[in-house]
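Position chain A relative to chain B; hints supplied.
Sequence lines, in order, name chains B and A. Once you know that position 138 of the first sequence is 138 in UniProt numbering, the rest is easy, because the numbers rise by one and skip nothing. Once you know that position 57 of the second sequence is 57 in UniProt numbering, the rest is easy, because the numbers rise by one and skip nothing.
No wet-lab data here; the hints were simulated from the structure. Hints should not be assumed to be uniformly reliable.
[Unchecked claim] Listed below are the simulated DSSO-like cross-link pairs for lysine-lysine, each with C-alpha atoms no more than 30 Å apart in a straight line: (1) B:K621 <-> A:K84; (2) B:K687 <-> A:K84; (3) B:K358 <-> B:K331; (4) B:K385 <-> B:K274.
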Amino acid sequence: MAKPLVLHLLLLLICGSALLSSGSVIHPISDAHRSAATELFVPAADGSFGSLEETYEALRTFQILGVDRSSAKFEGTCKTVSEKLSSPTTTKDLYHALKITAILGCRTESIEFDGITSRLQTAVKDASSLLELYYSLGGLLTVKEQGKDVILSDADGTFQAIKALSQSDGRWRYDKDSTGSSAFAAGIALEALASVVSLAGSDIDQSKIAVVRKDITKLFDRIKRYDDGTLYFDEKNVDPDQYKGPLATSASITSGVTAFAAVSSEKLNIGGEKILGLAKFFLSIGIPGTAKDFFYQINSLASLENNRISIPLVLSLPATVLSLTAKDQLKVEVTTVFGSHAPSLAVSLLKVLTPDSKEVTSFEKKELEYDPENRIHFLDLSQLKIDVGKYSLIFKVSVNDPEGADLYATGDQIIVTAFLTGFIKVDKAEIAVSDSDAASESVQKLDLSKNSLISLSANHLQKLRLSLQLTTPLGHSFKPHQMVVKLRHESKVEHLFVPETSSRQYKLVLNFLGLVEKFYYLSGRYEIELAVGDAVMENSILRSIGSIELDLPEAPEKAAKPPAQPVDPLSRFGPKEEISHIFRAPEKRPPQELSLGFMGLTILPLLAFLIGLLRIGVNFKGFPTSAVPATFAILFHGGIGAVLLLYVLFWLKLDLFTTLKALGFLGVFLLFVGHRTLSYLASTSAKQKTA
Amino acid sequence: MAKGTNDAQLLVQSLRKAYAATPTSLKIIDLYVVYAVATALIQVAYMAMVGSFPFNSFLSGVLSCVGTAVLAVCLRIQVNKDNKEFKDLPPERAFADFVLCNLVLHLVIMNFLG
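Pulled out of the complex, with its shape left as it was, chain B reads as follows (with noise of 0.2 Å):
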């Protein structure tokens, strides 16, 4: 009997963990998205958001979430799109233009509506590119809503040529030259295949049709997955330029699919899941930032909410970390993606995993109670019996009505992580001091709700023994993430410690003839702090319990410093302090009146020098007499005076480059008149030793 039960629960574990990993938060379109959306999309003063593209943009999402647009601004608005539907305009605005003069509401009268019919029937004869038809079918749809007449001739043709730009692989070609298509493309198809198929009415061959529909289940086989069953579309070979991205891909084949959907008479062969996981996509981008991404999410959003194929139902839980101790209760809401209401339904809580992915064996499968006033489905905790931590939540969603099941996509299982937080006890909470043979202790209760401080003293010999228990609101053990005693010196050195576990208790035991070397020989007061934590704790514990005396020996003349404490780094930019500079010593000079008297005997040899020369009989008999030589004499020893009195100047006061360049002129000068001299005088001596 048992074994064919576990194999089950085996099998359902296998598949549990291989399709859900983790569980990604979706909510629904809620208030967040309207106020985002009036915030990205800004109105220039005359009403406009730009292009017409933009605007239209604009104005649908606000159309779909319900803001208002009944603003004089767009009055403006109106007034020059109504101008552009006159004027001759691409397909493209033409299109826009009339789209935005739909959801405005904007008076028709003065639109020239068969005008515009007429140039939109002929871009479709000549149209060539899968845009061009794209715009111009989508125009002439939104006339014909608009309540006038629309024929589209040859409609059949026109199928045609959209089918023609298919590929075999589901995607299509923008137009007949172009080489790659892309999965973007085939949603635009999609959607003007559909228009062509609203504008004919029954002219189009049911067969064709069912083509379509064969297409489209290839186009769905390209989908991709992420574990948690998003789904979404994505580009593989396309030029870079052509590239759209996931979100713009999966938004236009989603709106070509629901627009073909609708159309056809026979239902898609697309299974739910396939539409839910697309509307999972669409919600988990949260609200997203631009304003182009925006509309592409609430258009799609849009699409889904009332698409034939089936209409997408999300969970979401207002509320994930729940109390034990506040006896909170478990909620859970199901609406449709913009969160409205859901048909009759059964929601069931079927497991509960802990964070390694084991199932709580102590819980049974539970439906939850339905409250019709807030439509919220909901559980008491206590019924579930389950203690405090963090759990992966698995449910399923089943509509009440069996008809209904096919219209509704609910998925498969639906997990949710959720954190059960509670009180946690703490009780016996003691400490001790005693001594090391353990005879006698002096025991301390501890009572941590209290703001009591106790205090403490010890010395090397003896030992601290603090001890706590943990329990949960259910009567556990409980093991928190964090539980660490602190024993601060007055120096504020810190020395942290673990206490251990054993069966119920957290002891720690501190011998401080084996911690004296860690504490640094440093005896006085020492704080002790404890601190419990945990992320399901609500009552978690930091704070300083009392204070301990401790008395260690000295310290050895070897022993480790203790650490340097931090320095306040703003004191650096303090004053420092004061540095008193020295002076070199001036040398000693000897005195003034000796150095002066040695001036004066050195001038006693020049005095000596001249007597002498007069003793020997110096005379002037060489001089030249006659006038030119005695000039040049005379300049010559003038010269050589006028050198001396310039290096005297050069002492006294004048620099190198003055001195040398005066002493340039002057050397010239002096060669030259000293050889003239010299010369003459060597000819008068020549003369003399010849005659």
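Below, chain A alone, put in the same frame as chain B:
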């Protein structure tokens, strides 16, 4: 001992007589050399007394005396008629060299004097 002093006196007298025979121009140069060296010695004595604090000044003073003495000795060699080596060199040329070298020496000295 008396013979020793007698010999010294005889030596000095003979030297004096020989010296008296030298031409006047050479005597002038000799006197100049003696003057330069005496000035140098006085400067060294001063430095010995008060220390060599502005050492550059001391050096430049002493070297100017010594340098000019050396140049004068060169002049004496070149001007001496008994010197066979410089027979063809006119004494005026030697004197011009002496003046030029002295001027350059004194420029350097004045720069180094500080």
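Results for each hint:
For the hint pairing K621 of chain B with K84 of chain A, the CA-to-CA distance comes to about 28 Å; that is within 30 Å, so the pair holds. Distance hint between K687 of chain B and K84 of chain A is fulfilled; the C-alpha atoms sit about 22 Å from each other, no more than 30 Å. Distance hint between K358 of chain B and K331 of chain B is fulfilled; the C-alpha atoms sit about 23 Å from each other, no more than 30 Å. Of the supplied pair hints, the one linking K385 of chain B and K274 of chain B is violated, its CA atoms being roughly 36 Å apart against a limit of 30 Å.
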